[in-house]
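Student: Residue strings, one per chain:
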Amino acid sequence: MISRIRAIAFNTFREAVRDRVLYNLVFFALLLVATAPLLGEISIGVQRVLLINLSLSAISIFGIVISIFVGISLVSKEIEKRTLYPVLSRPVGRGEFILGKYCGLLGTLLVNTAAMTVGFYIALMLMTRDFTHSDANILIAVYFLFLEFVVIIGLSLLFSSFSSPLLSALFALSMFVAGTFAADLRAFAAMAHGPEGWLARAASYVIPNLASLNVITRVSHDQSIPAALVGYNTLYTALYATATISGAVLIFSRRDLK
Amino acid sequence: MSRGSTILAVLLLVASMAASVVLVGTIAAAYPSSPMEDVLFVSSPEFVKRASLGYSGLLADIYWMRVVQYFGRKHQRDSMEYKALAPLLDITTTLDPNLVVAYEWGSTFLDQPPPSGAGDDAAAVALIRKGIRNNPSEWHLYFTLGFIQYLGQRDYLGAAKTFEEGSRISSSRSWMKVLAAKMLTDAGSLETARYMWQNIYNESTDKNLKQNAELHLACLVVDQEIPQLESVVSEFRPRTGHNPSSWGDLIASGLLRVIPRDPTGTAYVLRNDGHVVVADWKKLPFIQRGKPE
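Chains A and B are the protein sequences, given in the same order. Reminder that position 89 of the first sequence reads as 235 in my numbering, one-by-one numbering, no gaps. Reminder that position 238 of the second sequence reads as 296 in my numbering, one-by-one numbering, no gaps.
There may be inaccurate statements among the hints.
Computed from the model, here is a short list of chain A residues facing chain B with C-beta under 8 Å [said to hold, decoys possible]:
(1) G191
(2) V192
(3) V195
(4) L196
(5) N199
(6) S203
(7) I353
(8) L356
(9) T363
(10) S366
(11) H367
(12) A384
Derived lysine to any residue pairs resembling SDA-like cross-links, with alpha carbons at most 25 Å apart [claimed, not checked]:
(13) B/K349 <-> B/D307
(14) B/K268 <-> A/Q193
(15) B/K141 <-> A/S350
(16) B/K107 <-> A/K223
(17) B/K265 <-> A/T274
(18) B/K341 <-> A/I188
(19) B/K340 <-> B/S304
(20) B/K265 <-> A/V163
(21) B/K268 <-> A/L184
(22) B/K268 <-> A/E187
(23) B/K188 <-> A/A329
(24) B/K349 <-> B/A276
(25) B/K107 <-> A/V352
(26) B/K107 <-> A/Y289
(27) B/K107 <-> A/A329
(28) B/K107 <-> A/S350
(29) B/K188 <-> A/Q193
(30) B/K265 <-> A/S189
(31) A/K223 <-> A/L185
(32) B/K265 <-> A/Q193
(33) B/K341 <-> B/K188
(34) B/K268 <-> A/T274
(35) B/K188 <-> B/Q134
Quick caveat, the hints were computed from the structure, so don't treat them as lab data. Where a beta carbon is used, it is the ideal one built from N, C-alpha and C, also for glycine.
If we strip away everything but chain A, and leave its shape as in the complex, we get (with noise of 0.2 Å):
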């Protein structure tokens, strides 16, 4: 089972890093890196949290574009393509599908990621000339984002289960902007009674968690993150992912792909 989830991983990542798109959003944020001190020039005593900010939110947006195009592909362009019937007519299960080709855009954006986050250090370099704690600190920012699009990666191959690209699309794209207001929806949940209460208490848990996700702010004024934090949003981020692709697997496994 693991070797073949292995293969589908695989090809995925293979398929992934051929795509001319891909590309092209790796060098646009490797570009926004290099102009960073560029704007830094502009304004004032802000050039190095200018640098952290920018380059730590165009790996997110980027990550976040590619987990969700991508990730509502991957199913969609194989029964497109018809190449999907040929994987499937051998023994490897449908679970085992959606599993690879989680597994497969994962690993397709840890790459990335790790690429953007070598190109940002060495523009914290060349900006600061030093290498001090704090600075290796923002990994855990950008670890945080690497958990951010793990989850998106989960709802985009949900969604794309049982529903065409472009509504995938607009669902997943709904449910990041939505993350990024779970806390306030908890919080309105708290203040609204009866019935409403318990609907938006209800949608606040299902809606990812994101905003305990992006530490970028912190990190840039070298504020330290709680090893605590690391650990909740880590188990959170599995148990996410896992009910996501759970999801996905138990739909797609009923799909009539006749």
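Guided by the hints, dock chain B onto chain A, whose structure is given.
Tutor: What follows is chain B alone, placed relative to chain A:
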């Protein structure tokens, strides 16, 4: 596609783009659009923060750049109005409450009298107090607040209290305590002002801040020298029965040895009425004495 067609397409592309750039310039010159720099399309800081979708740090940096550019443009034109400055700073610091530089510089931009700044002491104090609420361990913010209370509002008691509060922060400098004491005993003197600017100069790592402190120190030199020179002129008058017509008269009488020069290296101007002024006060914008009327 043939080679000829490719060349033609490339030429057309380049020519069309170049022509459109020229045309845009012509249209802008013929029909200038109304100035939009004082217009804030979204004025609610909370709304901007919500709309940032978690990228509030990056948006704060962009707003801070906008503040700097807005202030720079207005300052360059000697503008007497900085309508959008306070709201822009409010949005910036709501987006990123830890952006200390925005409180420090922003309050200075707001505090300085026009055309050097907005001349809005109340907004400057409100901004820096917001900064202290969000960053209680930043002694720089206490210093900036005390500075505004001292030089902008002439509230020496308030300044003394602020410097004292700031001096209790562990990372604070020892001269904050001295400043607190000076506010109570010798606040109005040039010596106190010099002490403060000298410490700002020594403490600053930012090139612009250092230059600003240097300029203030130079202006304090003028404020000190002009009364001294006018006193020399007043000594000349009883001896001759008239005001000196030039510095040469004072040198010839032995009251001066050389032509006095301001810190920019330009000779002071001796007016017929015996008053001494600087030749170009715009090079020394913070002087209190010696401005030509």
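Student: Against each hint, give a clear statement of whether it holds in the structure.
Tutor: Status of the hints after comparison with the structure:
1. G191: It holds, given that the least Cβ distance between A/G191 and chain B is near 4 Å, below 8 Å.
2. V192: holds, 6 Å
3. V195: holds, 6 Å
4. L196: Because about 5 Å separates A/L196 from the closest Cβ in chain B, which is inside the 8 Å limit, the hint holds.
5. N199: holds, 4 Å
6. S203: Because about 4 Å separates A/S203 from the closest Cβ in chain B, which is inside the 8 Å limit, the hint holds.
7. I353: Nearest chain B Cβ about 13 Å off; hint violated.
8. L356: holds, 7 Å
9. T363: holds, 3 Å
10. S366: Because about 5 Å separates A/S366 from the closest Cβ in chain B, which is inside the 8 Å limit, the hint holds.
11. H367: Since the shortest Cβ distance to chain B is 4 Å, the answer is holds.
12. A384: Result: violated, 21 Å to nearest chain B Cβ.
13. B/K349 <-> B/D307: holds, 23 Å
14. B/K268 <-> A/Q193: Roughly 17 Å between the alpha carbons, so the hint for B/K268 and A/Q193 holds.
15. B/K141 <-> A/S350: Given pair B/K141, A/S350 is violated - Cα atoms ~40 Å apart, limit 25 Å.
16. B/K107 <-> A/K223: violated, 37 Å
17. B/K265 <-> A/T274: Holds - the C-alpha atoms of A/T274 and B/K265 are around 16 Å apart, at most 25 Å.
18. B/K341 <-> A/I188: holds, 23 Å
19. B/K340 <-> B/S304: holds, 23 Å
20. B/K265 <-> A/V163: Since the Cα atoms of B/K265 and A/V163 sit roughly 45 Å apart, the hinted pair is violated (cutoff 25 Å).
21. B/K268 <-> A/L184: holds, 22 Å
22. B/K268 <-> A/E187: Within the cut-off at roughly 17 Å; holds.
23. B/K188 <-> A/A329: holds, 24 Å
24. B/K349 <-> B/A276: holds, 14 Å
25. B/K107 <-> A/V352: It holds: about 23 Å lies between the C-alpha atoms, which stays within 25 Å.
26. B/K107 <-> A/Y289: holds, 24 Å
27. B/K107 <-> A/A329: holds, 14 Å
28. B/K107 <-> A/S350: Holds. B/K107 to A/S350 sits at ~20 Å (cutoff 25 Å).
29. B/K188 <-> A/Q193: holds, 23 Å
30. B/K265 <-> A/S189: Since the Cα atoms of B/K265 and A/S189 sit roughly 13 Å apart, the hinted pair holds (cutoff 25 Å).
31. A/K223 <-> A/L185: Roughly 40 Å separates the two Cα atoms, so the pair is violated.
32. B/K265 <-> A/Q193: holds, 13 Å
33. B/K341 <-> B/K188: violated, 33 Å
34. B/K268 <-> A/T274: Measuring from Cα to Cα gives roughly 20 Å; hence the hint holds.
35. B/K188 <-> B/Q134: Judged against 25 Å, a Cα distance of about 28 Å means the pair is violated.
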